[in-house]
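Start counting the sequence shown at 1; every next residue gets the next number (the UniProt record's numbering).
Worth flagging that the hints you see were computed from the coordinates, not collected in a lab. Ideal placement from N, C-alpha and C gives every residue a C-beta, glycine not left out.
30 Å max Cα-Cα, derived BS3-like pairs, lysine-lysine:
#1 LYS90 to LYS154
#2 LYS144 to LYS90
#3 LYS90 to LYS100
#4 LYS100 to LYS118
#5 LYS16 to LYS77
#6 LYS75 to LYS59
#7 LYS16 to LYS59
#8 LYS12 to LYS59
#9 LYS118 to LYS59
#10 LYS144 to LYS118
#11 LYS90 to LYS42
#12 LYS118 to LYS12
#13 LYS10 to LYS59
#14 LYS42 to LYS155
Label-pair distances were calculated between CB atoms; the ranges are:
#15 THR2 to ASP93: 41 to 51 Å
#16 GLU64 to ASP93: 28 to 38 Å
#17 GLU103 to SER78: 28 to 38 Å
#18 SER81 to TRP37: 17 to 27 Å
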Amino acid sequence: MTYLNLDENKTKETVKELNNLLADYHLYYQKLRNFHWNVSGKNFFDLHEKFEELYDDAKLKIDEIAERILTLRQKPKSNLSDYLSLSNVKESDDDLEDYKMVEMLIEDHGIIIQQMRKVVNVADNASDEGTIDLVGAYIRELEKSSWMLEVWSKKIKA
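Given the sequences, and given the hints that come with them, work out the whole structure.
What follows is the structure in structure tokens.
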């Protein structure tokens with residue numbers, strides 16, 4: 001890891017938080033699949049497509065987070081039991097109303113953004129600009145997705 005010029009002990013803390021983020025994204029991904037499969041009603045077409053877009057994006061981020069952990073010469077968590085115990089995101093029922101699905105996703109975005117900020121803080125402490133850059137872009141993208149879902153939910157409530 002010498003070519004990275006990072007302190008190995010500080011990097012371990014970054015990896016710990018990245019593994020928590022990886023767990024969050026796995027539960028978020030599965031929740032999106034659940035919602036994609038089970039959404040119904042007059043908003044079906046809008047949400048079915050949006051949920052697919054979001055889970056495709058989450059799938060890419062899962063791979064990138066795991067590869068960042070590997071780049072830092074550590075092992076990404078890869079067991080469902082680890083994800084369930086580490087994740088800040090919780091599973092959901094499969095029989096929710098469409099507006100409740102969106103509401104839950106907005107809440108999950110807040111949870112995930114909070115975890116991303118933890119990653120950025122520990123990566124900053126480790127002078128790990130690669131992780132900061134990766135996760136910083138994720139924050140911006142998830143904030144935008146949250147805003148769009150929030151605007152959609154206001155349309156429904158009106």
